[in-house]
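Line by line, the protein sequences give chains A and B.
Our numbering puts the first residue of the first sequence at 1, with every later residue one more than the last.
Our numbering puts the first residue of the second sequence at 1001, with every later residue one more than the last.
What the hints contain is simulated information worked out from the structure, not anything from laboratory work.
Possibly wrong hints are sitting among the right ones.
Stated by the list, open to error - Counterexamples of contact, computed for chain B against chain A with all Cβ distances above 12 angstroms:
#  : residue
1  : Val1046
2  : Leu1163
3  : Ile1193
4  : Asp1255
5  : Phe1266
6  : Ala1390
7  : Gln1393
8  : Leu1443
9  : Gly1462
10 : Leu1474
11 : Ile1485
12 : Gly1512
13 : Pro1528
14 : Tyr1630
Claimed, not checked - Think about it this way: if two alpha-carbon atoms lie no more than 30 angstroms apart in a straight line, the pair counts; the simulated DSSO-like pairs of lysine-lysine are:
#  : chain 1 : residue 1 : chain 2 : residue 2
15 : B       : Lys1506   : B       : Lys1356
16 : A       : Lys35     : B       : Lys1023
17 : B       : Lys1252   : A       : Lys181
18 : B       : Lys1506   : B       : Lys1023
19 : A       : Lys35     : B       : Lys1435
20 : A       : Lys135    : B       : Lys1252
21 : B       : Lys1039   : B       : Lys1506
22 : B       : Lys1356   : B       : Lys1438
23 : B       : Lys1252   : B       : Lys1039
24 : B       : Lys1292   : A       : Lys71
25 : B       : Lys1252   : B       : Lys1356
26 : A       : Lys181    : A       : Lys35
27 : A       : Lys135    : A       : Lys71
28 : B       : Lys1039   : B       : Lys1356
29 : B       : Lys1506   : B       : Lys1252
Stated by the list, open to error - Ranges of calculated distance between the beta carbons of each label pair, as one might list FRET restraints:
#  : chain 1 : residue 1 : chain 2 : residue 2 : range
30 : A       : Leu209    : B       : Gly1162   : 37 to 43 angstroms
31 : A       : Thr205    : B       : Phe1627   : 36 to 42 angstroms
32 : A       : Phe83     : B       : Ala1390   : 19 to 25 angstroms
33 : A       : Leu209    : B       : Trp1613   : 30 to 36 angstroms
34 : B       : Tyr1611   : A       : Leu116    : 33 to 39 angstroms
35 : A       : Gly123    : B       : Ser1610   : 27 to 33 angstroms
36 : B       : Gly1325   : A       : Gln100    : 53 to 59 angstroms
37 : A       : Thr29     : B       : Pro1293   : 23 to 29 angstroms
38 : A       : Phe83     : B       : Ser1610   : 35 to 41 angstroms
39 : B       : Val1134   : A       : Ala157    : 24 to 30 angstroms
Don't be surprised by glycine CBs; every beta carbon is placed ideally from N, CA and C.
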Amino acid sequence: MATIEQAPPPQVPAGPSHGPGPDHPPTSTGTTNVKLAIWLFLASDCLFFGAFISAYLLYRGRAQTGPTPAKVYSIPFTSVSSFVLLMSSLTMVLALAAIQRGDLRRLRIWLLSTALLGSVFVGGQIFEFTEFSRKGLGLSTNLFSSTFFVLTGFHGAHVTIGIIWLLSLWALATQGRLTQKDAEKVEIAALYWHFVDVVWIVIFTLVYLIPTK
Amino acid sequence: MTTVADAPTQTPVRPPVILRRPKETTGVWSWFTTVDHKKIGIMYGVTALVFFCLGGIEALLIRLQLAGPNGTVLTASQYNQIFTMHGTTMVFLLGMPLSIAFANYFVPLMIGARDVAFPRLNAFGYWMFVTGGVFLYSSFLLGGAPNGGWFGYTPLTSTPLGLGALPGRGPDFWAVGIVMLGIGSTTAAINVIVTTLNMRAPGMTLMRMPVFVWMMLVTAFLTLFAMPIITVALIMVFFDRNFGTSFFLPAKGGDPLLYQNLFWLFGHPEVYILILPGMGIVSEILPVFSRKPLFGYPVVVFSGIAIGFLGWGVWAHHMFTTGLGPVAVSAFSLSTMLIAIPTGVKIFNWLATVYKGSVRLTTAMLFALGFIAQFTIGGLSGVSLAVVPADTQQHDSYFVVSHFHYVLFGGLVFGLFGGLYYWFPKVFGRMLDEKLGKWNFWLMVIGFNLTFFPMMLLGIYGMPRRVYRYDAGLGWGSLNLVATIGSFIIAVSVLLFIINAVVSRKRGVIAGNDPWDGRTIEWSTSSPPPEYNFAEIPEIQARDDLWHTKYTEDDDGVLVPLPSGGVDTPAATRAAAAPTHRIHMPSPSFYPLVAALGILPLAYAAVFHSYSWAFLLVAGGAIILAFGIYAWAIEPATAAEADH
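With the sequences and hints as input, model every part of the structure.
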């Protein structure tokens, strides 16, 4: 290995790097720290949902008593609420585009619409859950209901956290504390939001659309 | 939650100040609010060693109970709690956090960074570890500790309270406590990965990173993907026990094997989460005390990565006796043997590193060599367990107990102790006493082998795990007595270490920057390092960068010190000099602690949810948690008025 006479004087600005910015050096990968971190968190969360989905699939058709999926699912209803959630991804994209070009008025509008669409989805889920329990399907009725409620319930909790996150950003935006240079804050919230949407597409396909006796 | 937290927060509007921004950098208060990776590393280390002592006391109680036939020290119920807490403590409260302690302190120093990527998240991870540990141990006072084994097999642990499976709320404390610790270790893993990938000094390419950093990177990825799986399994156990579901209750169609699959899909990567940091530490120590570069650096790195991948494909070897069928059993037997290859490659690389080196047998080096010898025994007994017929015979016997203690004590703990002796001078500026250190090492080697080698024989003779007493006629008494004597010798050696650490911290020989003639850049800054680590961020020119500023080789390959070798090199001087400009470091913060303290009442509420007062805990915890998170998100990472 080559020997070193003397290293050239380092030209590194001071301070821990928290991503690009006027005072900060670029990170080694070029991706900012927070964005890398949210990607890692989402990767971890994949395994979380993956384990619940595996449990659901393993127990498919093994329920001994109580109403079966075919009896309780209302595919048209859930399709509509799934569509609403998908549309919220569109408004999320619009919100991000708005803050990136500095259009703070539209940022507020789209953040609020995304949160609203998400709330409609969660409201639909609450309605669905009460419908199920009216039909005699509670959390502990059988293996189908347990795996279904736990999987979709934790997904709903993720959506709820996302709504709170979006509303917090909206509140910051109305106070003028979320401006163009904070676009990344909206971006990481958007990554989380899209992830939750994608998970729902997987759940909707595997849980609702594949018929079970 | 983890992500809003450290978003860049330079807002033009002055954020509202709810709690006074802490400024203290010394004194008791500073430890509660610090975000300095080095202080947090020390806190991780000290706390993990406290839990090590607790887990050790539990081990001694187990050994006293089993010292002779028909032991009477513990009742069956107490024995269940003690062995469960021993395993849980050693895995989650010693092995993982002590590795994270080293990672916290040394990953930034070894890659030339000023701190980790998310200093406050780092503090939060530590406080989750503390609150999770306190929560688990508080169960002893609140109706009985976890008592279903560290693996918590269902339906034993998932049968609801009062149906006669396990007395007490132990399994609830266990499930909730491990989830809390999982939150902490996941945040720590994210921090290690982002720091390693994003905050390397100029010139510190991935293939120039010290092997310890590499191994912590692999460990962090394993943690990131393993913790959510155990979390799901524990949520199901908790629901089965408390909310009437039957995920794992065969009577209602549930499948206990699903739990075993989920648990070991976490549990086997967990084994590598525990051992890879030890391998990383050993890979740092051996080259320094052999005065040779690590033999086959790229191969060692890729072996570590290979272990990280293969570690996901071997979990069912814990379940050979559950009737998986010949195809699955053969496949997992083969994959288990396959993972011995990268492991064996590493062992040969370490041996080749020491071979023909000018070896200095310091305590750190002795522990590293002890690691190699004992880990090899543990690994070979593991390969024999991968052979299905042998495993069927030895499953759930003391042979298995011996095997994993050879790997995790003979391997991991020896590696960690090596790391403590190796890096103590950097952390505290003083050397640990070598004479006491050698007593520590030799007593530990003797005690360790006296304790765990007889167990291998006991397992072959048929002694099952987890029995709290055995009959005199079985002929297991004398070997068990030897094991008990060995365990007390281990206890003495640990006591010597504690004395050594406490005394040397005050009166040890002053270490200087580079007491071992080290190779990696943490030895170029002062001991202990300043808050900002390096006055100027080093420019990395080579693997083992510091070494190449001190030595070169002549035409015959003989080491020649550079004229200005040692710590007087310009690079080292610059690194250790007083800074010529202001260095903005992240400011201390109350909120990581506040957020973790908010989770604690929520955890108790989960266990005691059937009581009417539980909603008070929920409300209180939620308010504290929300306050902690929001205040944290709004507070800038570096206080505007912070001066250094």
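Now for the hints, and whether the structure bears them out:
1. In this structure Val1046 of chain B is separated from chain A by more than 12 angstroms, as the shortest Cβ-Cβ distance comes to about 25 angstroms.
2. The claim that Leu1163 of chain B lies off the interface holds: its Cβ sits roughly 14 angstroms from the closest Cβ of chain A, which is beyond the 12 angstroms cut-off.
3. Its closest Cβ contact with chain A, about 6 angstroms, brings Ile1193 of chain B to no more than 12 angstroms, contrary to its assignment away from the interface.
4. Remark: the non-interface label on Asp1255 of chain B conflicts with the geometry, its nearest Cβ contact in chain A lying 7 angstroms away (cut-off 12 angstroms).
5. At roughly 9 angstroms from the closest C-beta of chain A, the C-beta of Phe1266 of chain B falls inside 12 angstroms, breaking its exclusion from the interface.
6. For Ala1390 of chain B, the requirement that its beta carbon stay farther than 12 angstroms from each beta carbon of chain A is met, with the minimum near 30 angstroms.
7. At the 12 angstroms boundary, the C-beta of Gln1393 of chain B stays outside the reach of chain A, the nearest C-beta of that chain being 30 angstroms off.
8. For Leu1443 of chain B, the condition that its CB be more than 12 angstroms from all CB atoms of chain A holds, with the nearest at approximately 40 angstroms.
9. Every CB of chain A is more than 12 angstroms from the CB of Gly1462 of chain B (nearest about 35 angstroms), matching its label as outside the interface.
10. Consistency note on Leu1474 of chain B: stated as away from chain A, and its beta-carbon is indeed over 12 angstroms from all of that chain's, at 41 angstroms minimum.
11. With a minimum CB-CB distance of about 44 angstroms to chain A, Ile1485 of chain B clears the 12 angstroms threshold, and the non-interface call stands.
12. Even its closest Cβ contact with chain A, about 22 angstroms, leaves Gly1512 of chain B beyond 12 angstroms, as expected for a residue assigned away from the interface.
13. With a least beta-carbon separation of about 19 angstroms from chain A, Pro1528 of chain B lies farther than 12 angstroms from that chain, consistent with its non-interface assignment.
14. With a minimum CB-CB distance of about 7 angstroms to chain A, Tyr1630 of chain B fails to clear the 12 angstroms threshold, and the non-interface call is violated.
15. Restraint check: the Cα-Cα separation between Lys1506 of chain B and Lys1356 of chain B comes to about 37 angstroms, which exceeds 30 angstroms; the hinted pair is violated.
16. With a C-alpha separation of about 29 angstroms, the suggested pairing of Lys35 of chain A with Lys1023 of chain B holds against the 30 angstroms cut-off.
17. Between Lys1252 of chain B and Lys181 of chain A the CA atoms are separated by roughly 56 angstroms; this puts the pair beyond 30 angstroms, and the hint is violated.
18. Our distance criterion of 30 angstroms between C-alpha atoms is met by Lys1506 of chain B and Lys1023 of chain B, whose separation comes to about 26 angstroms.
19. For the given pair, Lys35 of chain A sits about 49 angstroms from Lys1435 of chain B by alpha-carbon distance, which is inconsistent with the 30 angstroms threshold.
20. A hinted pair counts as satisfied when its Cα atoms are at most 30 angstroms apart, and Lys135 of chain A with Lys1252 of chain B qualifies at roughly 20 angstroms.
21. Annotation: proposed proximity of Lys1039 of chain B to Lys1506 of chain B holds, straight-line Cα distance about 18 angstroms (limit 30 angstroms).
22. Restraint check: the Cα-Cα separation between Lys1356 of chain B and Lys1438 of chain B comes to about 23 angstroms, which is no more than 30 angstroms; the hinted pair holds.
23. Between Lys1252 of chain B and Lys1039 of chain B, the direct Cα distance comes to roughly 51 angstroms. Violation of the 30 angstroms bound is thereby established for this hinted pair.
24. For the suggested pair Lys1292 of chain B and Lys71 of chain A, the alpha carbons sit about 71 angstroms apart, so the restraint of at most 30 angstroms is broken.
25. As the CA atoms of Lys1252 of chain B and Lys1356 of chain B are separated by approximately 65 angstroms, the hinted pair breaks the 30 angstroms bound.
26. Proximity of Lys181 of chain A to Lys35 of chain A is assessed by CA-CA distance (about 15 angstroms); at most 30 angstroms being required, the pair is judged to hold.
27. Between Lys135 of chain A and Lys71 of chain A the alpha-carbon distance is near 9 angstroms, which keeps this suggested pair within the 30 angstroms criterion.
28. Of the pairs offered as hints, the one joining Lys1039 of chain B and Lys1356 of chain B is violated, with about 38 angstroms between alpha carbons and a cut-off of 30 angstroms exceeded.
29. Simply put, Lys1506 of chain B and Lys1252 of chain B have alpha-carbon atoms about 62 angstroms apart, too far for the 30 angstroms limit, and the pair is violated.
30. Between Leu209 of chain A and Gly1162 of chain B the beta carbon distance is about 40 angstroms. The supplied range of 37 to 43 angstroms therefore holds.
31. For Thr205 of chain A paired with Phe1627 of chain B, a C-beta distance near 39 angstroms keeps the hint of 36 to 42 angstroms intact.
32. About 57 angstroms separates the C-beta atoms of Phe83 of chain A and Ala1390 of chain B, a value inconsistent with the hinted range of 19 to 25 angstroms.
33. Take Leu209 of chain A and Trp1613 of chain B: their Cβ atoms lie about 44 angstroms apart, and the range 30 to 36 angstroms is violated.
34. Judged by the Cβ atoms, the range 33 to 39 angstroms given for Tyr1611 of chain B and Leu116 of chain A holds: they are separated by roughly 37 angstroms.
35. For the hinted restraint 27 to 33 angstroms between Gly123 of chain A and Ser1610 of chain B, the CB-CB distance of approximately 29 angstroms keeps it satisfied.
36. Between Gly1325 of chain B and Gln100 of chain A the beta carbon distance is about 55 angstroms. The supplied range of 53 to 59 angstroms therefore holds.
37. Restraint check, Thr29 of chain A to Pro1293 of chain B: a C-beta distance of roughly 27 angstroms satisfies the suggested window 23 to 29 angstroms.
38. Evaluation of the 35 to 41 angstroms hint for Phe83 of chain A and Ser1610 of chain B yields a pass: the beta carbon distance comes to about 40 angstroms.
39. The hint said 24 to 30 angstroms for the Cβ distance between Val1134 of chain B and Ala157 of chain A, and at roughly 26 angstroms that hint holds.
In this structure, the earlier hints numbered 3, 4, 5, 14, 15, 17, 19, 23, 24, 25, 28, 29, 32 and 33 are contradicted, and the remaining ones agree with it.
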